[in-house]
Every structure is written in C-alpha cells, then in structure tokens.
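Participant: Chains A and B, in that order, are what the protein sequence lines are.
Quick note: the first sequence, position 132, residue 131 per numbering that gives the first Met the number 0, numbers continuous.
Quick note: the second sequence, position 248, residue 247 per numbering that gives the first Met the number 0, numbers continuous.
Hints are computed from structural coordinates only; laboratory data are not their basis.
Keep in mind that a hint or two might mislead.
Derived DEER-like restraints, expressed as beta-carbon distance ranges [to be verified]:
(1) Val738/A <-> Thr67/B: 29 to 39 Å
(2) Val151/A <-> Ser105/B: 43 to 53 Å
(3) Val738/A <-> Leu45/B: 29 to 39 Å
(4) Asp69/B <-> Pro414/A: 32 to 42 Å
(5) Asn86/A <-> Leu45/B: 38 to 48 Å
(6) Leu45/B <-> Thr119/A: 49 to 59 Å
(7) Lys16/A <-> Asn57/B: 39 to 49 Å
Dumping the calculated BS3-like pairs for lysine-lysine here, alpha-carbon to alpha-carbon at most 27 Å [stated by the list, open to error]:
(8) Lys69/A <-> Lys44/B
(9) Lys312/B <-> Lys56/A
(10) Lys69/A <-> Lys1/B
(11) Lys555/A <-> Lys520/A
From a predicted model like this one, the values you see are computed outputs, not experimental measurements.
Even glycine gets a Cβ: it sits at the ideal position worked out from N, Cα and C.
Single-letter residue listing:
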Amino acid sequence: MPATKDKSNSPIGRETKRIDGPLKVTGNAIYTSDHNFPGMLYAVPVGSTIANGSIAKLDTKDAEKMPGVKGVFHRANIGKLFRVAPNSDYNAFSDEDRPPFEDDVVRYYGQYVAVAVADTFEQATAAAEAVKVTYNEKKPNVDTYLTADSKVKVDSERGDAQKAFDAASIKLDETYVTPAETHNVIELHSSVAVYDGTTFTLYETTQGVMNHRNVLCQVLGVEPEHVKVISKFLGSGFGSKITPWPQSALAAALARKLGKPIKIVLSRKMAFHAAGHRPRTQQRVRISADAGGKLTSIQHDYLNHTSILDDYKENCGECTKYFYSCPNVRITTALSRRNIGTPTSMRGPGAVPGLFATESALDELAIKLKMDPIQLRLINEPEKDEDLNIPFASRNLVDCYKTGAEKFGWAKRDPKIGSMKRDGLTLGWGMAGAGWIAERFSAEATVELRNDGTAKVSTGTQDIGTGTYTVLAQVLADKVGLSLEKCEVVLGDSSLPPGPLSGGSMVTASLIPAVAKAAQKAIGTLLSAAVKTPGAKYFGVDQKEMDYTEGMVHKKDESASAGIPFQQVLDSGNFKFILGKGSSESTFAGKPESSKHSYGAHFVEVTWQEEIARLRVSRVVTVIDAGKIINPKAGRNQIEGAVVMGIGMALFEHTNYEPTKGAPLNSNLADYILAVNADVPDLEVHFLEFENKDLNEYGARGIGEIGLAGLAAAIANAVHHATGIRIRELPIKIEDLLV
Amino acid sequence: MKLFAFEKCSDISDAVKKTSASDTAQQGANIRFVAGGTTLLDLMKLSVETPDTLVDINRLPLDKIETTRDGGIKIGALVRNSDLANHPYVKSHFPVLSEALLSGASAQLRNMATTGGNLLQKTRCVYFRDTAYPCNKREPGSGCPAIEGDNRTLAILGTSDSCIATNPSDMSVALMALEATIVIKGPGGDREVAINDFFLLPGSTPHIENVLKPGDLITHVVVKPMPAGSRSVYLKLRDRASYEFALASAAVIVQVENGKVSRARIAMGGVGTKPWRSLEAEKALSGSAANEANFRKAAEEALRNAKPQSHNKFKIELAKRCVSHALKMATT
Numbered sequence: 000m001p002a003t004k005d006k007s008n009s010p011i012g013r014e015t016k017r018i019d020g021p022l023k024v025t026g027n028a029i030y031t032s033d034h035n036f037p038g039m040l041y042a043v044p045v046g047s048t049i050a051n052g053s054i055a056k057l058d059t060k061d062a063e064k065m066p067g068v069k070g071v072f073h074r075a076n077i078g079k080l081f082r083v084a085p086n087s088d089y090n091a092f093s094d095e096d097r098p099p100f101e102d103d104v105v106r107y108y109g110q111y112v113a114v115a116v117a118d119t120f121e122q123a124t125a126a127a128e129a130v131k132v133t134y135n136e137k138k139p140n141v142d143t144y145l146t147a148d149s150k151v152k153v154d155s156e157r158g159d160a161q162k163a164f165d166a167a168s169i170k171l172d173e174t175y176v177t178p179a180e181t182h183n184v185i186e187l188h189s190s191v192a193v194y195d196g197t198t199f200t201l202y203e204t205t206q207g208v209m210n211h212r213n214v215l216c217q218v219l220g221v222e223p224e225h226v227k228v229i230s231k232f233l234g235s236g237f238g239s240k241i242t243p244w245p246q247s248a249l250a251a252a253l254a255r256k257l258g259k260p261i262k263i264v265l266s267r268k269m270a271f272h273a274a275g276h277r278p279r280t281q282q283r284v285r286i287s288a289d290a291g292g293k294l295t296s297i298q299h300d301y302l303n304h305t306s307i308l309d310d311y312k313e314n315c316g317e318c319t320k321y322f323y324s325c326p327n328v329r330i331t332t333a334l335s336r337r338n339i340g341t342p343t344s345m346r347g348p349g350a351v352p353g354l355f356a357t358e359s360a361l362d363e364l365a366i367k368l369k370m371d372p373i374q375l376r377l378i379n380e381p382e383k384d385e386d387l388n389i390p391f392a393s394r395n396l397v398d399c400y401k402t403g404a405e406k407f408g409w410a411k412r413d414p415k416i417g418s419m420k421r422d423g424l425t426l427g428w429g430m431a432g433a434g435w436i437a438e439r440f441s442a443e444a445t446v447e448l449r450n451d452g453t454a455k456v457s458t459g460t461q462d463i464g465t466g467t468y469t470v471l472a473q474v475l476a477d478k479v480g481l482s483l484e485k486c487e488v489v490l491g492d493s494s495l496p497p498g499p500l501s502g503g504s505m506v507t508a509s510l511i512p513a514v515a516k517a518a519q520k521a522i523g524t525l526l527s528a529a530v531k532t533p534g535a536k537y538f539g540v541d542q543k544e545m546d547y548t549e550g551m552v553h554k555k556d557e558s559a560s561a562g563i564p565f566q567q568v569l570d571s572g573n574f575k576f577i578l579g580k581g582s583s584e585s586t587f588a589g590k591p592e593s594s595k596h597s598y599g600a601h602f603v604e605v606t607w608q609e610e611i612a613r614l615r616v617s618r619v620v621t622v623i624d625a626g627k628i629i630n631p632k633a634g635r636n637q638i639e640g641a642v643v644m645g646i647g648m649a650l651f652e653h654t655n656y657e658p659t660k661g662a663p664l665n666s667n668l669a670d671y672i673l674a675v676n677a678d679v680p681d682l683e684v685h686f687l688e689f690e691n692k693d694l695n696e697y698g699a700r701g702i703g704e705i706g707l708a709g710l711a712a713a714i715a716n717a718v719h720h721a722t723g724i725r726i727r728e729l730p731i732k733i734e735d736l737l738v
Numbered sequence: 000m001k002l003f004a005f006e007k008c009s010d011i012s013d014a015v016k017k018t019s020a021s022d023t024a025q026q027g028a029n030i031r032f033v034a035g036g037t038t039l040l041d042l043m044k045l046s047v048e049t050p051d052t053l054v055d056i057n058r059l060p061l062d063k064i065e066t067t068r069d070g071g072i073k074i075g076a077l078v079r080n081s082d083l084a085n086h087p088y089v090k091s092h093f094p095v096l097s098e099a100l101l102s103g104a105s106a107q108l109r110n111m112a113t114t115g116g117n118l119l120q121k122t123r124c125v126y127f128r129d130t131a132y133p134c135n136k137r138e139p140g141s142g143c144p145a146i147e148g149d150n151r152t153l154a155i156l157g158t159s160d161s162c163i164a165t166n167p168s169d170m171s172v173a174l175m176a177l178e179a180t181i182v183i184k185g186p187g188g189d190r191e192v193a194i195n196d197f198f199l200l201p202g203s204t205p206h207i208e209n210v211l212k213p214g215d216l217i218t219h220v221v222v223k224p225m226p227a228g229s230r231s232v233y234l235k236l237r238d239r240a241s242y243e244f245a246l247a248s249a250a251v252i253v254q255v256e257n258g259k260v261s262r263a264r265i266a267m268g269g270v271g272t273k274p275w276r277s278l279e280a281e282k283a284l285s286g287s288a289a290n291e292a293n294f295r296k297a298a299e300e301a302l303r304n305a306k307p308q309s310h311n312k313f314k315i316e317l318a319k320r321c322v323s324h325a326l327k328m329a330t331t
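Next comes chain B alone, as it looks inside the complex:
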C-alpha cells in the first residue's frame, strides 16, 4: 500500500470536479471515489489499486430510497446494502433485489457496502488480486494466467482471450432482471444508462469494465415497478451455505397467465464477465407453458454460448439447474 491523499468533498459537483482530473475512471485510476470501501481498501492493501487521491463521498446527500410516481424506486448511490435489502418497500415490491443483497457478503460488509460501490465491485479472480501474477485487467497486455490456471470459479459467458474474470455481484444480477437505470453525474451533466449497457465485456480491454469516465459519479439507481402479477426469485448456488460468492446464481422475474409465461426476465450471476442477462432464455420461455421442461429449455438457451475453461465446465450444468429451478420456484 502506498501513501495517498484523502479528500472530503462539499457537494456532488465538487466531487465530480475533484475526480475529473483522473487519468481514467477504470482500473488503476489515480483519483478515486471512496464510499463503503469494502472492495477498494482491500485492493489498495493488496497494491492492486494504487490511487494518489481518494475522494470521500460518504457525506453527499445520496443516501435515500425514494419511491417514484410510477411505483418504482430511486436508490441513492450511498444507500448501504443492508438498508436497501431491509427497506420495507423494497422487500414487498422488489423481493428479488432484497434476496440478492442478503445472499451476498456478511452483515458487517453489507452495513458498509453501498449501492454505487456494489455496481463497481471487482472480480475475485485470484490472479487479479495478486500482483505476483500477470493480469490483463490489472496490467493490460501482461497476460492471463487464469485461462490455463485455476479457473474453477471464473466465467463461462462473455469471456475473451484476454480475460475470464467473473463479475461477483449479486445485487447487479437482480438489477439486471429489473432492467434498472443508472443515473450518472459527470463533468458534462447528468445522463442515464440502462444497466445492460453500463457493464462492458472484457474483449481485448478487460481493464475497462463499464462506461464511467473521469469525473463520473453514480448518483442513483432507478428501478421501474415489476408488472402486476410478477413473481421473482433470487437463487444462489455455492459450496457452503453462506458468505461465499456464487458459483452460479439466477434472478428471475416471471408473469404467468393461463398457464403460459407471458413475460420473463432472466439474469445470471457467478457465470459471466458481467452480470448476465439472457434475452435468449427470456425469448425461449415467453409464450410457452410454465412447466419444468420449458424451464430447462430456457436454461439451455441461457447457456448455449457458454465456453468452459479447464476447471469450470461444471458451471454450465450448475447454471442450467439454477435458472431452471429458480423459474420453478417463481411459478409454484
């Protein structure tokens, strides 16, 4: 860990101003926002992140959960994961989000971790987190030992020759199924980005993980209400019963009318280089009878393009069972 400056900011525009001078908003940024710090401080101790300056945004007025006129919610970027998960309106109207949050980390971490920070959670790939190894995400062009190495927990969807790192977030998977919108304040003003467009695939630039540019501050996450009659489930599969990242998870939101699926939203965690929405599975399921055979077919679609590595082939079948069982749970 190297020495760094720690700055407080007076308001949102000050925060934006202070980080605009950063060389990047992605891996290795020299000026970084810090909120809960549950990922960033770890990575700084590991010398994986080495910012010169941290801009503390904890006092910005972004810690509210508001209901919107259409019955949705507007979540401040600084709302703690525990507050979001336990908010009565979230629990009653967006249970999939609450379940996803509560399946992640530990109570202590959830008390610190924020909504904005969770969206930016870094991969747990062991090679990324250890500077003794090369890593294209940490040092572009240095190589990816994970592809030939220990990749049991790594991604099978959205991978490239440069990177197979898994996005570890649970919350983002639920937000994918909820088709959330990310509100960003940047040097050029406010903009809104659909969550599916927010995350980028690694391709040949795995160090660039999302659309954020220097000075960009996530201020809110907006979620539209689930259509009436929708039922949702977040199912997370892992080795032990708690406190572990997903080997495979699924967030599903399904509407069934007259025994047929009229609308489905299916997103997966633990298997993709980004939180993974499967339009293919949704399409396959839509209009078909709500039964186990069709759930399995949808799951097959979701994993059709999966590319296994040496140690994680099992995740394909595991993810299929996860999606299919989540759909069954949501419809029975």
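With the rest of the complex left out, here is chain A:
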C-alpha cells in the first residue's frame, strides 16, 4: 500500500531541517535539569578523595547544621537499594552494577560516599563540602601498563595464526595503545526525581528510557509500572548515557525518603568520576603477508582496563574478524582491573580503538611491502565474512576507497616521507578503512491518524541530538503520505511502546519496520472505518476495493483526488484518532544469514611545521557506505561531528589518572583538551547509498558511530607520512614529534 505514489515526492532521502530545531534555538526544548517542581530540593553527592580503601568515619554533624540543609544521606540512612539482575538483551542492563552506598569500600576516586540535600544548589554544595570523611587509605592501582587480571579468552579463531606468522618473512609485531577518554557531553548527567507515594517519575538524561526504567525499578525494588522515565531532549550522550549512573538511584531514593522532588546535576568533575569513560586499551597486533601482500596471519591480542567490580569489555577485535581476507586469524581479550570508575560505551566502542590498531598496522605493513596502502587493502578484500562463513549483506568498501581516493586526489601522493610541501608546510597524507555493525534492536511503535488531518508516531526511544525526531517524521510522512508539518513525533517516555536504545547506531534501522507496520495497520483500520460508517461516502463498499493515497481515502478504481481527505472518515465516524501498532524484530537472535555492517574510508591531510613543532589536520575526505541516508543534512552533520571527535581522539583527548590518589587530574574542559572550532579542517563527506534491504525496506542503517571508526589511524598514518614518526599510543602529542 504505497502511501506516497510519486517517488520523487518522497521525504525519504530529502535534505530536511531538524523538526526540533526551532524549539532548541529558542530555548523552548526542556532538558532534564530544566525541570523544576514546587518544594523541590537539591542534592549534591560527596565524592571520595581516595581511590582505594574504605570509609572509617563519616562526620555529617557540621554539614547538617548548615543553612537550608535537609539532611546528609549515606549507607546507614538512604534506605535499601538493590542490584540489577544479569541481562543480555540490552533492555535492563547497567555498566556499574553496584548501587550507591552498598558498602563502605571505596574502589575509585570520586565514588559517592554520601549525598547532601538542601533547599538550594549552593547550600547543598556547601554542605557536601562540609562532610568530613576519614578513610582507611590504600595505594590505588591506576597503572597505565595493562596486564591480564582475567583469563585470556579467545574472541575468534580460524586457521593457525601463530604457525603462519612464524613461517612468514614479511611481518609486523607492534603494540598500539588508546588512552582512557571521557565523553564530555555538553549536557551534564542529571536526574530529577518525583515520587507521589506510589510511582516514580524520573526526568533523566538517558540514551534509553526503557532500559533506564527497567534498571531503576530493580534498583528501587518496585514494579516496572511504578517507574516512568522521561527524556525529551538530550545534549548528546556519546554512550555515557546508555546505562544509568549512581546519581539516578540517589535522586529517586531521596525523593522517596523525603517525599519531595529531588534534583541532582553532576559537575563536570563528577562526570569524570562516576559517569563512564572509554577504557584504556593495549593491543598487540601481529600480522604477516606474503611477498605479494596477501595476508597470511592476523593476531590481535587486546587488553582493556575495567573497574574493580565490573567486567566492561572494549570489543577491540570486532572489525578484525571480518575486515580482511585472511586464512589464519586469532583474536584474544582480557581485562585489567584498576581503581577507576566503571568504563562504558563511547561512540564506536570496540571498533574505534580496535581500528586504530589494525588500520595503523596495515599502513605499517604497506610500507614494509613498499606498496600503496589502498592496494594492500584491495588485495585483501574478502568475498564473504570469513569469521562467520556467511555472505556479506552489503559491502562496498572498495567503492569507498576508490571514491575517497578520487575525491582526495590520492593519485598525487608521493609515498616518500616528508616529500610533499605546500606554503612552507610539510604535508602528510594517510588513509584508513572503517566498519561498524548494522543490526536491529526489537522495537515497537504506534501510529495515529487524527481527526485534525495530522498523524503521530510514538515510541519509547529518544533523540540524543542525532536527528531521530526528524528521521521518524520523514518515515511517518512517507508512510501516511502527509507533509512533514502534519507529522508529530513523540519520544522520550518509558510509558510509550518500547523503543530501542540509542546505542550501536541502530535506532533508525530498528524503527523503520515498526513504524511502517503501525502505519499500515492504522490505514487498514481507517479504510475499515470508511466502509463501516453508515452515511459516509464509502459506506458499504467492499474494503478490498478501497485505497489510501497521500491523505486521501478513495476507491482503487478512482483517482485519489476523487476521494475524501482521511479526516472526513474520522469525523463521520466520530473518531478522535485511529491507531495502529507495529513492531520490529531484533536481529541478534539466532544465526545470521548475512554479515551486516556499514563501511567507510577516511583520507586525511595533515600539515607539519617542524620549526615550531606544529601539527594540524588540514583536510579530511570521508566516504561512508551506510545504505540509504534518510536525511542527508543530519547525516552529514553526524559524520562531520564524528570526524572532529576523531581529531580530538588522535591528537588531544586522554583522561589522566594521577598515580598517588588515582584521581582523573584533567577533569575539566580547560585541561581535558577536545578539538575546538579552530581545529576543524576542510571536511568533505560522501555517502554511497547502496540500498541493502536486509534490515528494512529503505535499506537504511544508522550512522552515529561509523564516522569515528578508523579516523585516528588515518591521522596517525598521515603523521607518519609527514614526519617519519610512527605513533602507536594516542594521543599524538607535540613531544612525540619533537625529536
């Protein structure tokens, strides 16, 4: 049932301004910490100033007497908080499993040991500072050199990699390191909790309202229907808002305890302690090739740090499994425990640090082979997913390389180190490939056709700033054949039909089938209403003869314009709205029939000015194969943003845990260096829109993460081309190049 008959008129693939843009630029978008309620109190956590040890004494007397203070809460008086049962479906999981204040042991710097509550934020802050904590302090372990504290596990294995490596004459054995990075979302983590005696309404800044509800009801020990989570707008998440952090449980517990709404907004510093980070990784890569450049073995052995209690694995070998054709592959993983807060997903978890290692190694191998790095990749392009031994659903990586090379002018590259110059600067040109999973979470949505001639789609997902509101409006507009202005999108509420987590770049792909089915159901019910309403134009007509086109209800044998606007059907039947429900299946269950990924290639130019040791990224061309792009305007914005983040990853970002106390020292935006506007180079983004329909009818896949994958390697490869210096530990610092 094509709602939009004329393809050229379809909103799918059209450059579309964000429908939530006006709300945001006028300040009318209400973010979590904008919520205020009568009688609301402010809570400020007290963070530990040790990273390892235990609380010997907690003296709250002075703090409790301070102006406006309603109390200081801790293990002895916060009330019971529970743990979350293990979950592998990504719908009720947390990364930091220990509820706040569960015991008196301190395992990372900044761990909450108490929380002060007062009438104002300032009073609560002053009270939190006045809490005197005495610790039994032990030396923390925040060592940056990682060794396995868990059993080394094999992620994937085929052939005999070690044997092939030993036999090879052209080979490489190097270790690559990526540092801990903190997401540094602009909208800080915050929670506003309201408890009415039965039900919690939690205003959160979360990438998963459903997951947040499913976690918090367990932590609070109440039924899911007694917790409602609202998150209408987010100032980004980058993974740091996928699972709840302890401040959320504190706000809810305090709201229940005190019978007043509670607001907690983390400081920037606190967000470095107890709101996740990308863990440090240390990856040994051994690869070998024959004289023609054909890979004979890949070994990728990686470690990442995790917290004392939680097993967070950074899946660095994710792309290694399938990226290249190679008969002998072995990937292993192990964890290294540190007195550091629990790590979490950060944009492109696993693949992003993993590709820094493997795509740097490929560049090094190309140099050993005296071969162009693109040529080496073409030689090793696989015909199928050799890890799972299944065909690729859609893989156009070679096209990405070729298109990128052409747009960038790669043919003019002189491989000799430092040989290319412009305006007195040395140029470095580097490239790397990118890959990211393409899957679907299960998702449900409802579509309403309303008697005012508009339509609405509702689903319990959220827009983390990426453009989900707009993409869903486009899909709805296409499915019901109405203009975008007549399409409302309702998200960010756990009482809506369960929608997907905004993680893994899967929201768009997951929701398209659900919305399509919901729209189809709603239209079916509409047509049924049209023929069943006595006195209406089509009363008594066989429903099979009816059709719906661009808002018009009509008979199949007449033109749409001969029919009636759909709202007339609702009016004559006295319906306020007609609702259809739809759902999508998760693609994680069972053995996959095809290997589904998005791909990309980055081409980077750096400028190097040796006399002042100044390195800048001057130009990036990125080609992305992520299927049909529903909204190229927001899509380009996603990739450009990811590239800028990748510049930060390659050159600036690292969270620096100080060894004596274990604190992240650079826990502010002046000392944690991110790319700023002045660092943004000429950016060029190209999409190759191969519409593979394995995931949905448009052949669309998410693009939130792929833009970051591989970029750091492309920059490091360009730096090597300019300077002859190979940096295997990020970020690439001035001192690394001052030799």
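Place chain B on chain A using the hints.
Facilitator: This is chain B only, laid out in the frame that chain A set:
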C-alpha cells in the same frame, strides 16, 4: 564555596580603604577586589580562594585607554581584554599586545577579563586548583605533588623546590617585552613598579606572587612607545589551535639596522613561574646579524637555565623553537 560579603565602593580611595584591613593581598586574602572575576570566581567555586569579603571595583573610573604625550599608552586597570586587544591605537602601535590578548582564552572570557585582573591571573597547575592535594602556593608548607607528578604544562624556568607552577598569562608576556610600568594606588599613596619587578619568583614562598600589599589597587598599566622601526610578534604554541594555555609562547620586539639586530626584547610565556623576560637572549642577539643561526643562539641562551621536570623536558626545545621562530617572523 563559602558565604562572603559583597561590597561596592564609591571611589578609588574607598576601594583602597576597604581592602587595607585584609591580612594579605596574596593567596588566601580575606578581602579581595573583584573585577571581571574570570579567575577569582572559578577559584572560589573550587574553594581555592575563600575570601570573607569581595570589593567590587567594576564601577571605578579605570576603564579608559589614553595615549600619553610620548606616544605610549596608559591603560586603565578595568579595561577589558577585548577592548584593549581591539583598540585601533593598540593594534597599530602595540600589535604584540593585541596579538597576545587575542591568543588567550575565548571571546566571552576576554569580554569580562580586565587588564589588572590578567596581571594577577593564577596558575592552572591542577594541584593548586584541587584542594584534595597539598600545594605550597595554596597552603604554605604542605608540599608540592606537581614536582613528582603531572607536570607536563608546568614551568621550566624560575622554579624552586617548593613550586613549579606556570604563570598562564599571555598579556603579561607582551607587557614584559614592552617593559610596561604598573601603577599602584595603596594606603601610602601612588607608586610605580616596573613589570619585571612586579612578579616574584616562588622561592620558598610561592604563595607570594607579586609586590602587592593589603589595600594596593592596580590602577593603570603604562607602556612606552616601541622605538621607531621596531617589529614585534607574539607566537603561541599549544596542543590545539585555540582556547588553550601556552605550552610555550614568545613576545619579541626587534629592531634591525643594516642587517644587524640593534635592539631586542624577548619574553616568554608558558615556561616560567612568572612571565619570563630573557635579558640573556636579548644580550646575545644584540649587535649580531639577523639570521636564523643567531636567533637559535639567542633562544639557546633564553633556555640555558631551564630545569625540566619528569614530563616537560620537551618544553625546552619547544620554547627554543618558539623564540627563534618568533624572531624570524619579526625580521622577515
């Protein structure tokens, strides 16, 4: 942050009177002037500064830039960094000052920050700014974790066993090269201090950073004109392209006659415990041919006494390249 009284003052002598009772004009003063507040308010929120009283001087008539009879400028202490940087006469006659100001902070901060406040800018040493750590500058005698700790951005010149904190100002580096004079109104009247004498080395008293005493109010900064034919450059090196304190910076003012440097003023930022003027480099350069080899020699002189810490040895070479390249830029 603790509660404090906020007082306005009617005129300059009232301002001086109100702060004369302070126990010190240095770190930890119980009565403090506040102007732009871009450093002080941050430090109060961090409980690094805990004054009982703030005396708001924003309404004092010290917000003018006047040209002096000799062609120099007299800058009111309350002139905002953005106004000073964008003043046409400053841009044309003291470009090094304008460039230094514009390389610092962000537009929003420069709109608030004042000339007097910039001179008193506090170090960005992470240990100073975090009360969970000891710090000799914040709590005399408590120790210096930076010396064994994270010191990548910290000083290599003018350090002591007590303190290696870097002075973060860009403006002061340019004023050092311009040999500015600081005009101070105190309980005993007006006095003038050469900028090189205004800042103190940390020694065993890193909490005392300058010559100010209770009641002292910086009212003006006076800059003499650069000699005719002088050329100047402010060059700032840092990790990212903007909005970051210097890892190394250089303000140079050079006069070249017949291919020889007849006069040079060389000051460095990001490397010293105070804005660092290098008389040694100036002497080495003076009278020698204006070429890259001699610029490098001067830079070597400037860093001769540099003492690196565990993580900042690279700053020695970086500062040398910075000085030498700034000289090259100023002479070509």
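Participant: Look at each hint and say if it fits the structure.
Facilitator: Evaluated hints:
Distance hint check for Val738/A and Thr67/B: the Cβ-Cβ separation is about 48 Å, which falls outside the suggested range of 29 to 39 Å. Range check, Val151/A to Ser105/B: Cβ separation about 47 Å, and the 43 to 53 Å hint holds. In this structure the supplied range 29 to 39 Å holds for Val738/A paired with Leu45/B, their Cβ-Cβ distance being about 37 Å. For Asp69/B paired with Pro414/A, a C-beta distance near 59 Å fails the hint of 32 to 42 Å.
Taken as a hint, the range 38 to 48 Å holds for the pair Asn86/A and Leu45/B, whose Cβ atoms sit roughly 39 Å apart. The hinted range of 49 to 59 Å is not satisfied by Leu45/B and Thr119/A, whose Cβ atoms lie roughly 19 Å apart. At about 42 Å, the beta-carbon gap between Lys16/A and Asn57/B stays in the expected band of 39 to 49 Å. Between Lys69/A and Lys44/B the CA atoms are separated by roughly 22 Å; this keeps the pair inside 27 Å, and the hint holds.
Taken as a hint, the Lys312/B and Lys56/A pair is broken in the structure, with Cα atoms around 42 Å apart against an allowance of 27 Å. As the CA atoms of Lys69/A and Lys1/B are separated by approximately 18 Å, the hinted pair is consistent with the 27 Å bound. With a C-alpha separation of about 18 Å, the suggested pair Lys555/A and Lys520/A falls inside the 27 Å cut-off, and the hint holds.
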